[in-house]
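Chemist: We have chain A already, so just place chain B on it with the hints.
Read top to bottom, the protein sequences are chains A and B. Mapping of the first sequence onto numbering that gives the first Met the number 0: residues 0 to 235, in sequence order. Mapping of the second sequence onto numbering that gives the first Met the number 0: residues 0 to 285, in sequence order.
No lab work stands behind these hints, which were simulated from the structure alone. One or more of the hints may lead you astray.
[Unchecked claim] Reference listing, derived: stretches of chain A covered by chain B, where coverage requires no fewer than 3 residues with Cβ under 8 angstroms from a Cβ of chain B:
#, segment
1, 35 to 41
2, 71 to 80
[As the list claims (entries may be wrong)] As a list, the in silico DSSO-like pairs of lysine-lysine whose alpha-carbon atoms are at most 27 angstroms apart:
#, chain 1, residue 1, chain 2, residue 2
3, A, LYS29, A, LYS64
4, A, LYS78, A, LYS29
5, B, LYS173, A, LYS126
6, A, LYS78, B, LYS173
All C-beta atoms in this analysis are idealised placements derived from N, C-alpha and C, irrespective of residue type, glycine included.
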Amino acid sequence: MNNSLLKLNQVETYIGQYHILQGVSFEVRKGEVTVLLGRNGAGKTTTLRTIMGLNPASKGSIVFKGEEIQTFPTYTIAKRGIGYVPEDQGIFAGLTVEENMKVAIQKDNEETAKRMEWVLELFPDLKKFWKKPGGLLSGGQKQMLSIARAYVNENELLLIDEPSKGLAPIMVEKVMDSIMQMKDQTTIVLVEQNFMMASTIGDCFYIIDDGRTVSHGTMKQLKEDEEMKRKYLGIA
Amino acid sequence: MDLFMNLALNGLATGMLIFLLAAGLTLIFGLMDVLNFAHGGLFAWGAYSGLWIYSKTDSFLIGIIGAIVTGFILGIVTEKWIIKPVYGNHVQQILITLGLMMVLSEMLKVIWGPNQLTASPPDYLKGSWEIGEINLIKYRVFIIIVGLLVFAGVQFMLKKTKIGLVVQAGVMNKEMVQALGINIQRVFMFVFMIGAGMAALGGVLLGPYSGVIHAGMGMEFAILAFIVVVIGGMGNFKGSVLAAILVGLSGSFMAYYVPDLSLAVNMLLMAVVLIIRPQGLFSAKG
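In isolation and in its complexed conformation, chain A is listed as follows (with noise of 0.2 angstroms):
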């Protein structure tokens, strides 16, 4: 049974003048967690912004459900199932809470509604700033905020970049969990710096080098390959 689904395949990307992805192939496969590893500047956020259609491909084919979606408008590759969270969050400073879930709202339905209350439950404190410009929370609040409107959707893909960046070590502990509690519901796509969170959430992993997917496979691999730590994510 193909399992499959996300595949990347030689896919090159130019930012401007500059040749960011040079060949990025993986796949994702249903109900996993993949990690994306890579040092700063490797070009792991140039991948989500890829198939997500910020930064469309220049070249190469992403396979999303079987469909090739590397043409399509961000709009519809989001409406295709991916919901994303990019490294700043992209909260709506000037909305509330509120305003920010309902304007991520694409479909206003019993099983949305039923989203939003586990969502809330996950994070109790979007419920009690519910009415607080997004602007005015907390780093880890935002992150909550941006994880909960890329869930609330029945997304089937979720890409998260970056989710303890710039956050205490209890904010971390924090994501970390709600990252855990949704692994059951739906497959993701983490970029990740942090080894230990990267690590413990993560069913396998690639590793893109200078916009190359250079290594992939289990995350238990990587954890015993000592080699590869300190060769690619400078872990010593």
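Modeler: The following block gives chain B in isolation, referenced to the frame of chain A:
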């Protein structure tokens, strides 16, 4: 007291007309990052088409509705065929919208002739109400009420409807709006249409207020509208109404008390605001 009230009323009415033009301009800039120099042309087209429909139907209300519809249509056409190809390129935007402004003005002359046209309010809006010593000119009060209703309506739309929230979100972060599955191009067109409709409404209301309309009126008011947009904070809707009232009132009082300075006062006001708060009275990004 009568003089003060009349100047205030005059200033408020002028402010509301500028607001109707500036509100669309500020939303278009905030959301689409487009400096639309043709916006004044839509204002002038509202004035001419509204007056023409009013003269044919003998109904001022139908004239107003006709002007708004004209604004909507011109807004959609302008966004789709003129603005869309030059998104992201400010130099091209300025050139093409300035060119469009000229075309729109010249087209008015072709259709309605080069001479200015006279306009007067309908009978039920002529004259004034006397309340004690105060004389309230009906048509000015009418303009203020229409301006406030439009402000309240757009505020309601922005705050209480999904499309309004999307417009606000788009002003703050266009990319994220798209990543949430929203077609921002449709939102752009909607905002352009609403902005053009408001400008056309301002135009049709101006005719009976000033008594005459002419093809160059769009550019004259567009300059005031740009000043208002800068003072209010580029992209901020609430800022545009406050700045428009400020510009209207200062223009009205200065024209009476220091007429020599009446033309310079708006520029001075803008300069002072820019020195104290370069981002304008209100920030655009919330």
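Chemist: Confirm or reject each hint.
Modeler: Against the structure, the hints:
no. : hint                : in the structure
1   : 35 to 41            : violated (count 0)
2   : 71 to 80            : holds (count 5)
3   : A:LYS29 / A:LYS64   : holds, 10 angstroms
4   : A:LYS78 / A:LYS29   : holds, 18 angstroms
5   : B:LYS173 / A:LYS126 : holds, 26 angstroms
6   : A:LYS78 / B:LYS173  : holds, 16 angstroms
Hint compliance for this structure: hint 1 is the single one not met.
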